[in-house]
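K.L.:
If you want the building blocks of each chain, they are given just below.
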Amino acid sequence: MTKSIMGKRCTITLANRGGRSYAVDGDAPLLDTLEKHGVPLPYGCRYGGCITCAAKLLDGAVDQSAGVALNGRQLKHGYVLLCVALPLGDCTLDVGVESHDNLYRNPFQSPLAPEELKAGIRAEAHPVETPR
Amino acid sequence: MTNNGDMECCGPGYASPAEAMRAPREKLLYTVALYVGTGIHKPDYLATIDADPESPTYSQVISRLEMPGIGDELHHMGWNACSSCHGDPTKERRYLIVPGVRSSNLHIVDCVTDPRKPTLHKVIEGAEIKAKTNLSAPHTVHCLGSDIIISMLGDAKGEAPGGFLHLNEDFEIIGRWENGLGAMKFNYDFWYQPRHNVMVSSEWAAPNTFLPGFDLEEVGHLKYGREIHFWNFEKKCVEHSHYLGEDGLVPLEVRFHHDPDSSHGFVGAALSSNIIHWYKNDGEWIIEKVIDVENERHPEWPIPLPGLISVILLSMDDRFLYFSNWLHGDLRQYDISNPSKPKLVGQVWMGGLLGKAPEVNGHKVTGGPQMIQLSLDGKRLYVTTSLLSTWDNQFYPEIRENGGCMMMVDCDPVNGGMSINPDFFVDFGKEPNGPARCHETRYPGGDCTSDIWI
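These protein sequence lines map, in sequence, to chains A and B. Letter by letter, the first sequence follows residues 5 to 136 in our numbering. Letter by letter, the second sequence follows residues 67 to 520 in our numbering.
The set of hints was computed from the structure by calculation and includes no laboratory data. Be aware that a few hints might be false.
Claimed, not checked - Label pairs and their in silico Cβ distance ranges: (1) PRO115/A / GLY241/B: 13 to 23 Å; (2) ILE352/B / GLN113/A: 18 to 28 Å; (3) ASN263/B / ARG126/A: 35 to 45 Å; (4) SER485/B / ASP63/A: 18 to 28 Å; (5) LEU62/A / LEU410/B: 34 to 44 Å; (6) GLY428/B / PRO44/A: 35 to 45 Å; (7) ASN263/B / GLY82/A: 51 to 61 Å; (8) LYS40/A / GLY241/B: 43 to 53 Å; (9) ASP63/A / CYS303/B: 29 to 39 Å; (10) PRO44/A / THR179/B: 49 to 59 Å; (11) GLY428/B / ASP63/A: 27 to 37 Å; (12) PRO122/B / GLU102/A: 33 to 43 Å.
Claimed, not checked - Just a few of them, taken from the derived set where beta-carbon distance is under 10 Å, the chain B residues facing chain A: (13) GLY105; (14) THR123; (15) PRO134; (16) GLY137; (17) LEU277; (18) GLU284; (19) VAL411; (20) TRP415; (21) ARG466; (22) ASN468.
Stated by the list, open to error - When the alpha-carbon atoms are kept at most 20 Å apart in a straight line, the in silico EDC-like pairs for lysine to aspartate or glutamate are as follows: (23) LYS108/B / ASP67/A; (24) LYS188/B / ASP116/B; (25) LYS108/B / ASP36/A; (26) LYS223/B / ASP67/A.
Beta carbons are placed, not taken as given, at the ideal position from N, Cα and C, and that holds for glycine.
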């Protein structure tokens with residue numbers, strides 16, 4: 005994925021926060037820059053290893069290559085980890101747990117297809133064993 | 067000093083498990099309560115619950131100690147001192163160490179100045195721990211005489227295998243406790259039994275694997291643990307790693323007998339839903355599966371549902387083993403007088419995904435039986451329903467609106483048998499800041515998963 009451009013200003017619109025917009029620097033994670041604007045957002049690890057801060061990207065693009073926690077299905081639904089996501093231009097997001105309608109699934113009810121695993125696992129060899 | 071009975075010469079805890087069983091009944095409970103993952107922008111907190119049936123506020127949260135920031139995910143916790151320091155009159159069971167598994171912050175909470183309203187004594191920032199030790203995601207806390215060690219489930223980037231953080235009694239970071247991890251791939255819980263110079267540790271997964279939630283498919287990719295590790299406790303290194311394989315997928319809580327002379331111990335393999343037992347015979351560790359909970363078919367789901375044994379504990383007299391099947395919804399009590407042949411003697415249902423007990427004594431239960439804590443006399447088992455915020459959200463999404471709850475199960479410590487107490491129910495769905503989730507519980511006077519005798 006393309007790296008963000010140093011010093012580039014982006015407009016971030018939070019669709020489920022009344023469509024409010026914030027001008028942010030493109031070289032810092034969205035969680036940091038939105039917090040500086042006083043937007044209360046959930047977070048946990050702050051390094052891309054958990055999904056507490058997940059938001060749904062409705063429009064635009066981010067570089068979240070520092071994150072490791074999202075699986076392929078979550079990415080397909082547009083989830084991004086705000087604690088590592090650098091905006092690559094103007095973005096529109098739904099934030100907070102209200103955006104988490106497709107973030108969680110019961111794995112016994114709805115298993116992942118091989119291409120829906122986390123990228124780090126897809127890059128590795130085939131499964132050693134099938135869970136019973 | 068508290069809870070030292072009439073033995074003024076002595077330090078915290080009790081001279082023996084038998085003495086612990088004769089201690090006064092617990093009147094207060096400390097339970098962690100979560101807002102992380104709920105959408106409520108408030109810190110997690112330590113809740114103090116009145117457990118004195120004679121009190122007008124019995125079965126209620128009587129104080130709440132908020133952590134300084136949001137997003138910690140308070141999870142497990144432990145005392146600064148336990149019966150392992152009983153011989154040292156300069157020691158006191160005063161502080162609870164309350165880690166945040168997501169933030170890696172360690173909160174040191176003073177529970178003695180006012181036991182009904184604990185206060186924050188000190189915070190060790192996760193950033194300091196990562197910088198000094200390259201460790202993150204604190205889990206189990208045990209004191210070792212004067213010092214404290216904490217199992218850390220990841221390195222500073224959340225990758226396995228983690229290691230063990232060593233603190234001194236003033237809660238300063240000494241560094242890493244272990245000298246050698248051997249072939250250990252993951253970390254989770256541990257318990258030590260010094261008279262056998264042994265510690266056993268278990269394996270969950272890397273924080274980057276389990277914190278986002280449970281992708282079952284990752285088990286087949288060896289992202290979850292299936293081994294237990296026998297340590298040379300004095301040398302602080304893994305001496306032997308035992309591969310449990312399919313019978314031991316995701317081995318979590320480790321419990322040795324409280325009797326310090328015994329070499330018997332147990333671990334619950336969460337995903338395989340088996341109990342594994344070990345003991346030493348002629349200098350050799352024997353390891354055997356002694357309980358197997360069958361998976362259940364859910365009519366609409368393609369994959370059979372395991373019980374998911376999320377926690378186990380032993381009564382103080384080492385006679386009963388308790389565990390919870392968080393997904394099935396039952397709590398079980400086994401007589402382990404013969405540790406190789408446990409006998410099921412009690413079972414109750416609360417919540418769960420099989421629809422067997424959506425309500426208990428008129429209360430709606432969201433989640434399933436999860437963390438358990440037994441009174442020292444073995445008669446009261448306190449149960450909470452939340453596992454980890456992301457896992458709760460996967461399996462019991464309605465917990466966001468309903469919150470978790472705490473129940474009490476009356477246990478017969480003579481003949482076996484369990485029944486859910488109708489008078490005790492703490493509804494964390496009705497907390498002042500909105501529905502919270504409750505997790506591990508500890509008592510001021512020590513409990514069945516804190517105290518170790520050396």
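K.L.:
Where does the structure disagree with the numbered hints, that is, which hint numbers, in rising order?
P.N.:
1, 2, 4, 5, 8, 9, 10, 11, 14, 15, 19, 20, 22, 23, 24
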